[in-house]
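Trainee: The listed protein sequences derive, respectively, from chains C and Z.
Residue numbers for the first sequence follow the working numbering, beginning at 633 and rising by one.
Residue numbers for the second sequence follow the working numbering, beginning at 221 and rising by one.
These are computed hints drawn from the structure, not numbers from a lab.
One should not assume that every hint holds.
Pairwise CB distance ranges, derived in the manner of DEER restraints [to be verified]: (1) Z/280 x C/877: 29 to 39 Å; (2) Z/271 x C/870: 51 to 61 Å; (3) C/643 x Z/310: 45 to 55 Å; (4) Z/310 x C/800: 45 to 55 Å; (5) Z/299 x C/669: 51 to 61 Å.
Taking lysine-lysine and the DSSO-like style, the derived pairs with C-alpha atoms no more than 27 Å apart in a straight line are [stated by the list, open to error]: (6) Z/227 x Z/281; (7) Z/227 x C/860; (8) C/681 x C/670; (9) C/863 x Z/227; (10) C/833 x C/860; (11) C/748 x C/860.
For clarity, every value in this text was computed on a predicted model and none was experimentally measured.
Even for Gly, the Cβ is constructed at its ideal location relative to N, Cα and C.
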Amino acid sequence: MMPGRIVEVGGIPVLLRVEDGALQEALDKWYANYLTTKPSAEPFELTVKVAPDEGGYRGDQPRVEWREGRWSFERSDFQAEWFPGSGRGWVRQDEALPHSIDSVLRVLHSILLASKGGCLLHAASAVRNGRAFAFTGVSGAGKTTLARLAPPDAVLLTDEISYIRSVDGVYRAFGTPFVGDLGIAGENISAPLQALYLLAKGTENRMEPLSRKQAVNVLMRNILFFAKDPKLVEVLFETACGIAACVPAYRLTFTPTPDAWEIIG
Amino acid sequence: MSMYIAKSRSIAARALDGEMVIMSTSDSMLFTLNEVATEIWLAADGRTPLSQIVRDTVCAKFEAGPEAAYADAEALCRGLAEHGILMISDQPIESAR
C-alpha cells in the first residue's frame, strides 16, 4: 500500500495515496495547513500516479462527466475517475506538480459538497469578529482587491473559491487551500456565514440589499459546478435557495481603499 | 384552438418572495417570473386550457382585460417553451399528469 496523506478541507477528508516522491513532497508543502492525522470522518481516497507524456496543462477547463456509475474528470494535464459508491478514485497526471491534483480536488469537493448541502462559490471570503463574509462577482469585480485591503483583524479564508456548507442548520464558510491571484492559501478555520456581497468597483463605498431572488441569481452565476449534470444542477439550485433564505446578500460598490471594509459586517 | 401548458420535468423551481425562480436543469439558465407569470406557471397542469387559466387567475386577480391578458399569456408561454421550461400543446398534455 502506498503511503498517504489526509487533506481535510471543509470537514471533508481525502486520503491522497501518492507514489511519486517529488509530488508527495510538493503536496506536503502545498497543503501544509490542511494535512491531518486525525480526520473528522472516514476519509475518501484518491490514488495519484505521475505518468509523463507530451500533454501538459494548456489552460483548458476540466471536463467532468457522469458515466455509468462513476465521475470522469479530464484536463490536458490529468485524467481521473471517481467512484461515489466506494468513495474512492484515481488520478493520473503528467507532471509531479501540485496544480493537477489541486484541480482534481476542487472538482471532487464540488461534487462531495453538493450532496452535503454545500457549494464552492467563486468568491473571496474572510472571518472578522467570529463571522464570515463572502465577496463574489465576475473576474475583475474586486475579490482579490478587497482581500488585499482586509484589515489586520480579518482572517482570509480564500481569495478565490469560498467553501460553504450547512453545519447543524447554519451555513458556514471554511478556509481552503485553493489559491487565487494572491497566491496565499486561506486559514484552516470556519465561521458562520454572516453576509454575501456582490462586488462592483465604484467611486464611493455603498451597500444595497439584494432580494432573495437576486441572491439566488448571483449564487447560481457564481457557484462552481464543473459538470453539466441535471441532478447536480437541481441540487445546487436548492442549495442556492437555502443560502439565499438564511444569509443576507448585498450589492457592495467600493473604492479600492481600506475604507471599503468600514461598511462590511 | 385551445392551448394547454405543463411544466417541463427538466426544471427546478422555488417560490421566493411570492414569485417563481425557475432553473432549467438542462442548460442551467435561470428565469424569474413576475407575479402574473407565476400564477400562470402554478396553474400549468397540462389539463386546464390557457384561456381558462387566464380567465380564472389573471383576469380575476389582476383585473386585466381578457383579450390583452390572453395575448400576453400566450406570448409568455411560447417564450418559456422556447427555453424548454414549459411544454405547450393544442391538446391536454398527458405526461404532466
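Trainee: Residue 748 of chain C and residue 860 of chain C were given as a pair; does the straight-line alpha-carbon distance stay at or below 27 Å?
Mentor: This hinted pair holds, its Cα atoms lying about 18 Å apart.
Trainee: Please check whether residue 310 of chain Z and residue 800 of chain C have a Cβ separation lying inside 45 to 55 Å.
Mentor: 52 Å, holds
Trainee: Between the beta carbons of residue 643 of chain C and residue 310 of chain Z, is the distance compatible with 45 to 55 Å?
Mentor: Roughly 53 Å apart at Cβ, these two residues keep to the hinted range, so it holds.
Trainee: Could you check the hint for me, namely that residue 271 of chain Z and residue 870 of chain C are 51 to 61 Å apart, CB to CB?
Mentor: 34 Å, violated
Trainee: Evaluate the given range 29 to 39 Å for the C-beta pair formed by residue 280 of chain Z and residue 877 of chain C.
Mentor: Given range 29 to 39 Å: holds, Cβ gap about 30 Å.
Trainee: Do residue 299 of chain Z and residue 669 of chain C keep their Cβ atoms within the hinted range of 51 to 61 Å?
Mentor: 57 Å, holds
Trainee: Does residue 281 of chain Z lie within 27 Å of residue 227 of chain Z when you go C-alpha to C-alpha?
Mentor: Holds. Residue 227 of chain Z to residue 281 of chain Z sits at ~22 Å (cutoff 27 Å).
Trainee: Is the Cα-Cα distance between residue 681 of chain C and residue 670 of chain C 27 Å or less?
Mentor: 24 Å, holds
Trainee: Holds or violated: are the alpha carbons of residue 227 of chain Z and residue 860 of chain C at most 27 Å from each other?
Mentor: 21 Å, holds
Trainee: Need the status of pair residue 863 of chain C, residue 227 of chain Z: alpha-carbon distance at most 27 Å?
Mentor: At roughly 17 Å apart (the allowed maximum being 27 Å), residue 227 of chain Z and residue 863 of chain C satisfy the hint.
Trainee: Has the given pair, residue 833 of chain C with residue 860 of chain C, been kept, meaning a C-alpha gap of at most 27 Å?
Mentor: With a Cα-Cα distance of about 31 Å, the restraint between residue 833 of chain C and residue 860 of chain C is violated, given a limit of 27 Å.
Checked against the numbered hints above, the structure violates hints 2 and 10; every other hint is satisfied.
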